[in-house]
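Undergrad: Line order of the protein sequences matches chains A and B.
The first sequence: position 282 = 282 (our numbering), numbered continuously.
Whatever position you read off the second sequence (first residue = 1), add 303 for our numbering.
Do not rely on the hints blindly, as some may be mistaken.
[As the list claims (entries may be wrong)] Here are the simulated DSSO-like cross-link-like pairs (lysine-lysine), alpha carbons at most 30 Å apart as the crow flies:
{"hint": "1", "chain 1": "A", "residue 1": "Lys114", "chain 2": "B", "residue 2": "Lys349"}
{"hint": "2", "chain 1": "A", "residue 1": "Lys91", "chain 2": "B", "residue 2": "Lys329"}
{"hint": "3", "chain 1": "B", "residue 1": "Lys333", "chain 2": "B", "residue 2": "Lys345"}
{"hint": "4", "chain 1": "A", "residue 1": "Lys91", "chain 2": "B", "residue 2": "Lys333"}
{"hint": "5", "chain 1": "B", "residue 1": "Lys333", "chain 2": "B", "residue 2": "Lys349"}
{"hint": "6", "chain 1": "B", "residue 1": "Lys345", "chain 2": "B", "residue 2": "Lys329"}
{"hint": "7", "chain 1": "A", "residue 1": "Lys114", "chain 2": "B", "residue 2": "Lys345"}
{"hint": "8", "chain 1": "A", "residue 1": "Lys114", "chain 2": "A", "residue 2": "Lys91"}
{"hint": "9", "chain 1": "B", "residue 1": "Lys349", "chain 2": "B", "residue 2": "Lys329"}
{"hint": "10", "chain 1": "A", "residue 1": "Lys114", "chain 2": "B", "residue 2": "Lys333"}
{"hint": "11", "chain 1": "A", "residue 1": "Lys91", "chain 2": "B", "residue 2": "Lys345"}
{"hint": "12", "chain 1": "B", "residue 1": "Lys345", "chain 2": "B", "residue 2": "Lys480"}
{"hint": "13", "chain 1": "A", "residue 1": "Lys91", "chain 2": "B", "residue 2": "Lys480"}
{"hint": "14", "chain 1": "A", "residue 1": "Lys114", "chain 2": "B", "residue 2": "Lys329"}
Read the hints as simulated data drawn from the structure, not as lab findings.
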Amino acid sequence: MGQSTILDVSNLTHDFGDVVALENLSLQVPAGITGLVGANGAGKTTMLRLMLGLLHPTSGSMEVLGHDPQTEPLAVRARIGYMPEVECLPKDQTAADFVSYAAQLAGIPAREAKRRSSETLFLVGLEEERFRFLGDFSTGMQQRVKLAQAIVHDPDLLLLDEPASGLDPEGRVQMLQLIRRLGEFDINVIVSSHVLTDIEETCNWVVMLDGGKLLRSGPLEGFEQLGTVLVEVLDDADVVAARLRSKGFGATVEGQRFVVGPGDETLERAIVEATAAASSGLVRMVRGSASLEDLFLREEDSQ
Amino acid sequence: MTDQVIFDRGYRTYDGPRTGPSGARKAVYKDGIRRVLGLRRKAWLKIIPWGLLSVGLIAAAVFIGIHWAIGNIEESLREGVPTYGGLFDFYSAISLLFMTLAGPLLLIPDRSRGVLSIYFSRPLTVDGYLTSKVAAFVTVVGAIYIVPQIVLHIGLALIASEGFLPYMGDNLDILWKVPVTTIAFIALNGAIVFVLSAVIDRTGIAAAAFFGLLTAGGGIAARVAEASFPGARWASLLAFDQHPRIIRDALFEDTVEYAAEQAGFGVWTSVAVVLVVVVFAIVIVRWRYRRLA
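Let's have the full structure, built from the sequences with the hints guiding it.
TA: And the structure:
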């Protein structure tokens, strides 16, 4: 991953007439595997299409791999692999032929394209089925072919639009494993998904969108640090909780236990200080990692 | 017992040459030819294109045989057997069937199956994509017109009483008349089938619309042109199938009068109609695909 920042967006707005798909977005995405999360209609696909230069922003600017997709769309697309969410496979071609064709479309010479087609289909687990016609493939196999065509030309950046869409639980797990493996091969990936657990399992950076607005962009570790802390004290739990509330933390009391947070690493220090100030004793203090879904809903509520 | 090792081949990076947009256009062109001819597709997809190509070549061989057989009886009788210009009608029928198949096949499946999203995520512009499709269409349909004519030309030269080279020398004009006529047929028919294939999302319906417009449509327009209301003669220009024939007849000095000629229009009007249809097709197809991209 030679480039430190793969996506640089500045004050980006895109509308379809009266409908504002993306509103005044500014963010940077580093190399690695990034999750682009949001509910349906949040603007994820619009964002991907802007990155490919297929849409032009109403205002603002964007750089993908150091290129402006509006002025250099072909330069950007030559370095990107794209796996669309929608059906995109010709039923009358074999997997090997189609993936080879996809490589040639990206500028790989024909002979090398054939070789890479076989290797890539092997990587996604379709080596046995590569000479079968795509019309005979199951949904899971088609998703793998879609992934294969996106990576066959050795892109610097891979855009995956809902890659696990339509897959059964086993297929979903296998697809996520494949995406994680791509990261091990130093391929930058941006995964668009509305399934937050998928993002949690695969990504190291998360961009949250809601209604075209940026909720949050940051490392996944940072999100985890914003979890709550379960506290148990010897006595006067209400008093300790009240002291924490006065410092701006939320606290819910159940007997001698209470849940405080969310908060970052300063939360633990505040709990110790509040317990000491209340002349109580600390029995235990356990940080629970908030799920991405909790955080998404919380961010959404706070907007 | 030897140790068994499973090697994970992993992912191989690529540092070789990349051909860029020109490579992408070439790939679309080659795929277009394969698709139209059913190559690397299921067997039944090969039947119609290769059947039509075979009929074209066999017909050329049969005409050469007829010329040879009649020439052996009485050389002057050969003048009554159709040659280059006359055979265009026959090859036009074959080509019409072929274009009915090829036009929708080249454009519609990419759209209806969502493959355009793959094309336009690659270094390929809308114009590059369409140009490559047109090139594939012209190559294959042009071959149907030209190859049998070449076979016919060489065959007639081989059986010519004056000898091969003198025949070739006497018929040098064929070398430009046949290509020009072919361009007229392909330009008009191709433009129409591309417009229909760009706006209709079902291959069967697009094929039927094209075939109907070129067969029944021409007849209807010719009938309307014969009516007595003011301006009826202009309807003759809508008999699209007849314009390439008018151009062919002008080149090969044939005497059949088509509806537009009966309505008082000359060959240059037919040339203008072909050009207008082609320009109209370029505008519509580009507009449609720019919206899709």
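Undergrad: Look at each hint and say if it fits the structure.
TA: Hint-by-hint comparison with the structure:
1. Simply put, Lys114 (chain A) and Lys349 (chain B) have alpha-carbon atoms about 23 Å apart, close enough for the 30 Å limit, and the pair holds.
2. Between Lys91 (chain A) and Lys329 (chain B) the CA atoms are separated by roughly 22 Å; this keeps the pair inside 30 Å, and the hint holds.
3. Proposed proximity of Lys333 (chain B) and Lys345 (chain B) is supported: the alpha carbons are some 17 Å apart, at most 30 Å.
4. Of the supplied pair hints, the one linking Lys91 (chain A) and Lys333 (chain B) holds, its CA atoms being roughly 18 Å apart against a limit of 30 Å.
5. Taking the CA atoms of Lys333 (chain B) and Lys349 (chain B), the gap is about 16 Å. The hint holds against a cut of 30 Å.
6. For the hint pairing Lys345 (chain B) with Lys329 (chain B), the CA-to-CA distance comes to about 23 Å; that is within 30 Å, so the pair holds.
7. Our distance criterion of 30 Å between C-alpha atoms is met by Lys114 (chain A) and Lys345 (chain B), whose separation comes to about 19 Å.
8. Under the criterion of a C-alpha separation no larger than 30 Å, the hint pairing Lys114 (chain A) with Lys91 (chain A) is consistent with the structure, at around 19 Å.
9. Using a Cα cut-off of 30 Å, the hinted pair Lys349 (chain B) and Lys329 (chain B) holds, with the two alpha carbons roughly 22 Å apart.
10. About 14 Å separates the Cα atoms of Lys114 (chain A) and Lys333 (chain B), which keeps this hinted pair within 30 Å; it holds.
11. Between the alpha carbons of Lys91 (chain A) and Lys345 (chain B) the distance comes to roughly 10 Å, so the proposed pair stays at or under 30 Å and holds.
12. For the given pair, Lys345 (chain B) sits about 38 Å from Lys480 (chain B) by alpha-carbon distance, which is inconsistent with the 30 Å threshold.
13. With a CA separation close to 41 Å, the supplied pair Lys91 (chain A) and Lys480 (chain B) exceeds the 30 Å bound.
14. Annotation: proposed proximity of Lys114 (chain A) to Lys329 (chain B) holds, straight-line Cα distance about 16 Å (limit 30 Å).
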